[in-house]
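K.L.:
Sequences listed follow chains R and L, in order. Using numbering that gives the first Met the number 0, read the first sequence as starting at 0 and increasing by one per residue. Using numbering that gives the first Met the number 0, read the second sequence as starting at 0 and increasing by one per residue.
Since the hints were made in silico from the structure, they are not lab data. The structure displayed is predicted, hence computed values, not measured ones. Every residue, glycine too, gets a C-beta built ideally from N, C-alpha and C. It is possible that some hints are incorrect.
What the hints assert, rightly or not - Cβ-Cβ distance ranges computed for the label pairs, FRET-style:
| no. | chain 1 | residue 1 | chain 2 | residue 2 | range |
| --- | --- | --- | --- | --- | --- |
| 1 | L | G307 | R | P122 | 43 to 53 Å |
| 2 | R | F326 | L | P146 | 34 to 44 Å |
| 3 | L | P293 | R | H104 | 46 to 56 Å |
| 4 | R | S154 | L | K112 | 32 to 42 Å |
| 5 | R | N299 | L | D130 | 43 to 53 Å |
| 6 | L | N266 | R | P330 | 20 to 30 Å |
| 7 | L | P146 | R | K151 | 26 to 36 Å |
| 8 | L | V123 | R | E162 | 40 to 50 Å |
| 9 | R | P291 | L | V123 | 48 to 58 Å |
| 10 | L | E147 | R | S220 | 27 to 37 Å |
| 11 | L | N105 | R | N299 | 44 to 54 Å |
| 12 | R | P291 | L | R138 | 36 to 46 Å |
| 13 | L | P293 | R | M314 | 25 to 35 Å |
| 14 | L | N266 | R | P291 | 29 to 39 Å |
What follows is each chain in one-letter form.
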Amino acid sequence: MITELRDIKMNTPNINEAETLLSIQDLHVWYELRRFGFGHAGYVKAVDGVSFKLEEGETVAVVGESGCGKSSLMKTILGLNIPTSGDVVFDGENLSGLKGNGLRHYRFKVGYVQQDPYGALPPFMNVQKILEEPLIISGMKNKEERLARIHKAMSEVKLHPVEDFLQKFPHMLSGGQQQRIVIARAMLREPKLIVADEPVSMLDASVRVEILKLLRALQESHGLSVIYITHDLSTVKYFSRRIFVMYAGNLIEKAETRHLLENPLHPYTHALLAATSDPDARNAETFKEVPPGEPPSLVNPPTGCRFHPRCPHFMAGLCDVKFPPDFEPEPGHFVACWLYQ
Amino acid sequence: MNVMSQKLLKIEDLVLHFKTRSGTVQAVDGVDFELDSNRAVVILGESGCGKSSLAKAILRLLPRNVQKYSGEVYLQGTDVMQFDEEQFRQNVRWAEISLVPQAAMNSLNPVIKVGDQVAEPAMVHLGIKKDEALGLARRMFQHVGVPEDFLERYPFELSGGMRQRVALAMALVTSPSLIVLDEPTSALDLLTQANIMNVLKRIKQELGTSFILITHDIATSSELADEVAIMYAGQIVEVGHARDFFPAPLHPYAQMLMASVPRLRSNSDPMFITGQPPSLIDLPTGCRFKARCPFRFDKCDREPPMFGKNGRKVKCWLYE
C-alpha cells in the first residue's frame with residue numbers, strides 16, 4: 000500500500016517541492032574536443048538529456064558500463080562539472096547560480112564516496128589529519144569540536160576503538176577499513192545526499208557486503224539520499240529503491256528495483272541481467288548471450304536510439320531515425336524504447 | 000607412476016616463502032592439487048591469500064626475495080622442479096604452460112603492433128619464422144574473436160575487451176596444454192566479461208586446453224569451473240568438483256564466502272565474515288581460519304590435514 004502511494008506521488012506532476020531533494024532537468028554535459036589545441040573538433044556528449052527527481056531519503060542506483068557517462072553525471076551532481084545545458088536543482092537551489100562560497104556550502108551538503116579507497120586517501124596524512132581537513136576548510140575553528148565530530152563519524156562507520164585508528168596512515172589499514180574512513184569523511188559535514196561511486200568494486204567479496212550494509216544503515220539512520228553508481232546489478236537490490244539504467248549518455252530505463260529486476264523492458268537491460276552470473280556450476284555448460292559490438296563513441300553516437308546497432312529487436316526506419324522518448328508501460332516504470340510505444 | 004602420468008598437472012607440497020624486512024611471508028604454504036587435461040580449476044580466494052603467488056610458483060616466475068621454494072610439480076608425469084632455469088624456460092614456460100598475468104591488457108607494448116606481439120612467443124619458443132608465426136597469430140585471433148585486420152593495429156586503438164583477447168591470443172599462440180589466468184576479467188565491463196568467459200569456454204571446447212583460473216570473483220568463476228579450490232592464508236582449504244562445491248561448500252570459510260556473494264536470482268540476504276584474514280608473516284598455529292570460525296572447537300588448535308569425503312577434500316576437523 001505504501002509503495003502504491005509512493006508511485007502515485009512520483010507520477011503526479013504536482014510533486015511537493017519540499018520532498019524533492021534533487022531535481023535534474025534535461026541535463027547535457029558535453030566536453031569540447033579541440034584540434035591542434037584550438038580548432039573545434041566536435042563534442043563528447045557524455046550526458047545527453049538526462050532528467051530525474053530524487054526524493055529526500057531515497058536511494059537510487061545508476062547502472063551502466065564504463066564510458067556511458069555515469070561519472071560525468073555524478074561529477075555534475077557534485078558540482079565538479081559545469082553542465083552544458085539543463086538544470087540541477089538541489090534543495091530548491093539551482094546549481095548553475097552558485098559560485099564561490101555558495102558552491103562551497105553546497106558541497107558540504109553532498110558527500111562523495113570514491114571507488115578506490117586507497118587512491119582517495121592521501122598516503123602522507125594520518126586518519127586524524129584526513130578527517131580534520133574538511134572540517135578546517137568548512138570553518139570549524141575549535142579543535143575540540145573537530146575531534147568530537149571525528150569521533151562521532153568514526154564510531155558511525157564502526158571503527159572501534161577510535162583512538163587506535165587516528166594516528167594510522169592509510170597503508171596500515173585494510174581495504175574495508177580504508178573504505179570506512181572514506182565513508183566517515185563523506186559523513187563529516189552531515190550531508191543530505193551521498194554519491195557513492197562503485198563503493199565496493201575494489202573490495203573483497205566478504206567485505207563488500209559489510210560495507211554495503213553499513214552504507215544502508217547510515218542511510219536509514221540519517222534519512223540520507225544516496226545515489227549509488229555501479230555496474231554490478233547483483234548488489235543493487237540490497238541497496239536501492241529505484242534503478243536507472245544508463246547507456247551512451249541517456250537514462251534508458253527507470254523503475255523501482257523490484258520491477259526492473261523482475262520485468263526488465265529495455266533490450267539493453269535484458270542483456271545486462273543475462274550477463275550477470277550467479278555462482279552455479281551449470282553456468283559452465285552454456286554460453287552467455289551477449290549483444291554484438293561495443294558501446295558507441297560519444298562523439299558521434301548513432302542516430303535514433305543509441306542501442307539500435309546492437310539491438311536484437313531493431314526496427315528499421317524507426318529505431319535508427321527517431322530517438323525514443325520515455326514510455327511508461329506500467330506505472331512508475333519508464334523506458335526509452337520504441338517497442339513500448 | 001602410471002597413474003601420475005595421466006594427470007596433466009600434479010602439485011605436491013608446493014611452498015613459496017618470501018623474505019621481507021618484517022619477517023617471512025608464507026605466501027604459498029604446502030599446496031597440493033591435480034588437474035586433468037581439458038579441465039578448468041578455479042582458485043578462489045581473497046586478496047592477500049597467496050593465489051597470485053601460487054601462479055608465480057607454478058610458472059617459476061620468482062622475484063628476488065624468495066626465501067624458500069620447494070615441492071614437486073609434475074607436468075605430464077615429469078617433475079619439472081628438477082629442471083634448471085634454461086630447461087624450464089625451453090620446455091615448460093609458454094611451451095606447455097602459459098600465463099595471462101593480472102591486467103594483461105594494460106601490459107601490451109604500446110609501440111609494437113599487436114600482431115607482432117602475439118607472434119613473438121611463437122618465434123622464440125617454437126623457433127619458427129616470422130611469417131609463419133604471424134599466420135599462427137592470425138589463427139589465434141580467430142579463436143579469441145578479434146577481427147584479423149587488428150593484427151596491424153597498436154594497443155591504443157583497441158578497447159579493453161579486445162586487448163584482453165589479444166593477451167589471451169598471445170598465451171595461446173604456442174599451443175600450450177595449460178593456461179594460467181590471473182584475474183582475467185576483473186578490470187572489464189559486465190558485457191565484456193561475459194564475452195571473455197564465452198571465449199574461454201570456446202577455446203576449452205575447440206583446442207582442449209586446460210585452465211587454472213585465479214580470481215576473487217566467485218560468480219564469474221562458475222562460468223568456467225570444472226573444479227574449485229578455495230585458498231585461505233597460503234593454503235588450499237577445500238577442493239572439489241564445481242557441481243558439488245557451488246550448491247554445498249564444506250569448509251566453514253568456503254560456506255561463509257559463498258554466503259557473502261550477492262545473488263541476482265535469489266532473495267537470500269548476503270552475510271559477511273567478521274574479522275580479517277591473518278597476516279602471512281605471523282600465522283596462527285593450528286587451523287588458520289579458527290579465529291573467525293563459528294564452529295571452532297578444541298581440536299582446531301592443531302593443524303587439520305586434508306580429509307577426503309566422497310571425492311571432495313577439505314582441510315577442517317569437522318570432517319574427520
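K.L.:
If a hint holds in the structure, say so; if it doesn't, say that too.
P.N.:
We went through each hint and held it up to the structure:
1. L/G307 / R/P122: 43 to 53 Å: 47 Å, holds
2. R/F326 / L/P146: 34 to 44 Å: Given range 34 to 44 Å: holds, Cβ gap about 36 Å.
3. L/P293 / R/H104: 46 to 56 Å: 48 Å, holds
4. R/S154 / L/K112: 32 to 42 Å: With a Cβ separation near 57 Å, R/S154 and L/K112 fall outside 32 to 42 Å, so the hint is violated.
5. R/N299 / L/D130: 43 to 53 Å: 38 Å, violated
6. L/N266 / R/P330: 20 to 30 Å: Holds, since L/N266 and R/P330 (Cβ atoms, about 23 Å apart) stay within the stated range.
7. L/P146 / R/K151: 26 to 36 Å: 57 Å, violated
8. L/V123 / R/E162: 40 to 50 Å: 57 Å, violated
9. R/P291 / L/V123: 48 to 58 Å: Once the Cβ atoms are compared, 35 Å apart, the range 48 to 58 Å for L/V123 and R/P291 is violated.
10. L/E147 / R/S220: 27 to 37 Å: 58 Å, violated
11. L/N105 / R/N299: 44 to 54 Å: At roughly 26 Å between Cβ atoms, R/N299 and L/N105 fall outside 44 to 54 Å, so the hint is violated.
12. R/P291 / L/R138: 36 to 46 Å: Distance hint for R/P291, L/R138 is violated at roughly 22 Å.
13. L/P293 / R/M314: 25 to 35 Å: Violated, since L/P293 and R/M314 (Cβ atoms, about 56 Å apart) do not stay within the stated range.
14. L/N266 / R/P291: 29 to 39 Å: 33 Å, holds
The structure fails hints 4, 5, 7, 8, 9, 10, 11, 12, 13 (numbered hints given earlier, in ascending order).
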